[in-house]
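First to last, the sequence lines map onto chains A and C. Take the first sequence: its position 119, counting from 1, is numbered 119 in the numbering used here, and each next residue is one higher. Count along the second sequence from 1, add 1000, and you get the number used in the numbering used here.
Treat each hint with caution, since some may be false.
Claimed, not checked - Calculated from the model, a selection of chain C residues having no Cβ within reach of chain A, i.e. all distances over 10 Å:
id, residue
1, ASN1071
2, ASN1075
3, THR1101
4, TYR1159
5, ASN1168
6, GLN1171
Said to hold, decoys possible - PhoX-like cross-link-like pairs, simulated, lysine-lysine; straight-line CA separation at most 25 Å:
id, chain 1, residue 1, chain 2, residue 2
7, C, LYS1158, C, LYS1177
8, A, LYS127, C, LYS1083
9, A, LYS127, A, LYS58
10, C, LYS1058, A, LYS58
11, C, LYS1121, A, LYS148
12, C, LYS1114, A, LYS58
13, A, LYS59, C, LYS1177
14, A, LYS148, C, LYS1177
15, A, LYS59, C, LYS1162
16, A, LYS62, A, LYS80
17, A, LYS148, A, LYS59
18, C, LYS1162, A, LYS58
No wet-lab data here; the hints were simulated from the structure. Every residue gets a Cβ at the ideal spot worked out from N, C-alpha and C, and that includes glycine.
So the chains spell out like this:
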Amino acid sequence: MAVMGKKKKKTLGAISTASLPDIVFMILFFFMVSTTMREVELLIELKGSDLPTATEIKKLEKKSLVSYIYVGKPLQQYQKTYGTEPKIQLNSSFAELSDIYEYILAERAERDEAEVPFMTTSLKVHKDTKMGIITDIKQELRKASALKINYSARQDMGY
Amino acid sequence: MAKRATPEINASSMADIAFLLLIFFLVTTTMDVDTGIQRQLPPIPENKDQKTDVEVNKRNIYLVLVNSRGNISVNQSWMDIDKLREDAKRFINCDRADDPTLPEMEEITVEGIKGPVKTSKGIISLQNDRGTTYGRYIEVQNELVAAYNEVRNEAARKYFNKPYDELNDEQQEAIRKIYPQRISEAEPKNYGGK
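All chains should be built: construct the whole structure from the sequences, respecting the hints.
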């Protein structure tokens, strides 16, 4: 810069970075407010585009009262041990049908008693899964009397 | 005490710390909101010997079957998914004259709406095969829920001059009384193997 001083006497001062933290903090707060923590590490194939689409969807409210059941094909690295047939995932491990009852009871025990009637079970299922396993899950949920369910689906954009 | 000037803290690494936090949040959080179709499962009957199937007049049932190939039949005849919504609406709607092919109606009084209103006794029964794909099942569910929502919307406009979503809670309750969402998900039957 000193070389350029021949043409012009003025030198460009360094840009002040004092406000950089403020800007970054602003972005940080934006993300903290507008996003949610990822619930679990998925062991099955279930990208956002693998969920079925629907138009008559409702937002899931009160996330703290929602328990999730994931169903889909195991990821590539688990296919050796678990095969390629759709599996159920509860929390962060594979589970069998019979585990659902226990899972619902455990979820219920964590919540306040007054909140139990408002608990919802969200079924996040790959759209290519056969209904057989879903029907079995529904029967298990009925046994555990977790009757409020939510078929997770994306908004159909109309194409 | 000697008055010492507190040295100014170097804040240049503040940006780095903030960036670190920002990246942490970007990685561990997701933007998507959870959406889906809300459904209520029927409770398991307490007495097992009790006959679970309540006798319903045949004209009151709208039987939707989805087979393992995703084909839909309504009351024993094939139906295209594009036509399902209109057809279901015709079945649900009770703002009509009596028709022996459509469900029976009864008159009820609903709080918030003047005079007796007609409500139908129709039930939509949705049955699927174990081999039906989940995507297809949700598609059909969606059409049936859409049929209910459209009919409710029409009723809301008729009685309150507003779409259903803009009504207050009591008014929505009144509309729901006229058009209760009766979609029964029957226990599965194995029609054509896995």
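Okay, the hints, checked on the actual structure:
no., hint, verdict
1, ASN1071, "holds (14 Å)"
2, ASN1075, "holds (21 Å)"
3, THR1101, "holds (27 Å)"
4, TYR1159, "holds (22 Å)"
5, ASN1168, "holds (18 Å)"
6, GLN1171, "holds (18 Å)"
7, C/LYS1158 to C/LYS1177, "holds (15 Å)"
8, A/LYS127 to C/LYS1083, "holds (22 Å)"
9, A/LYS127 to A/LYS58, "holds (18 Å)"
10, C/LYS1058 to A/LYS58, "violated (32 Å)"
11, C/LYS1121 to A/LYS148, "holds (24 Å)"
12, C/LYS1114 to A/LYS58, "violated (30 Å)"
13, A/LYS59 to C/LYS1177, "holds (23 Å)"
14, A/LYS148 to C/LYS1177, "holds (20 Å)"
15, A/LYS59 to C/LYS1162, "holds (22 Å)"
16, A/LYS62 to A/LYS80, "violated (38 Å)"
17, A/LYS148 to A/LYS59, "holds (14 Å)"
18, C/LYS1162 to A/LYS58, "holds (20 Å)"
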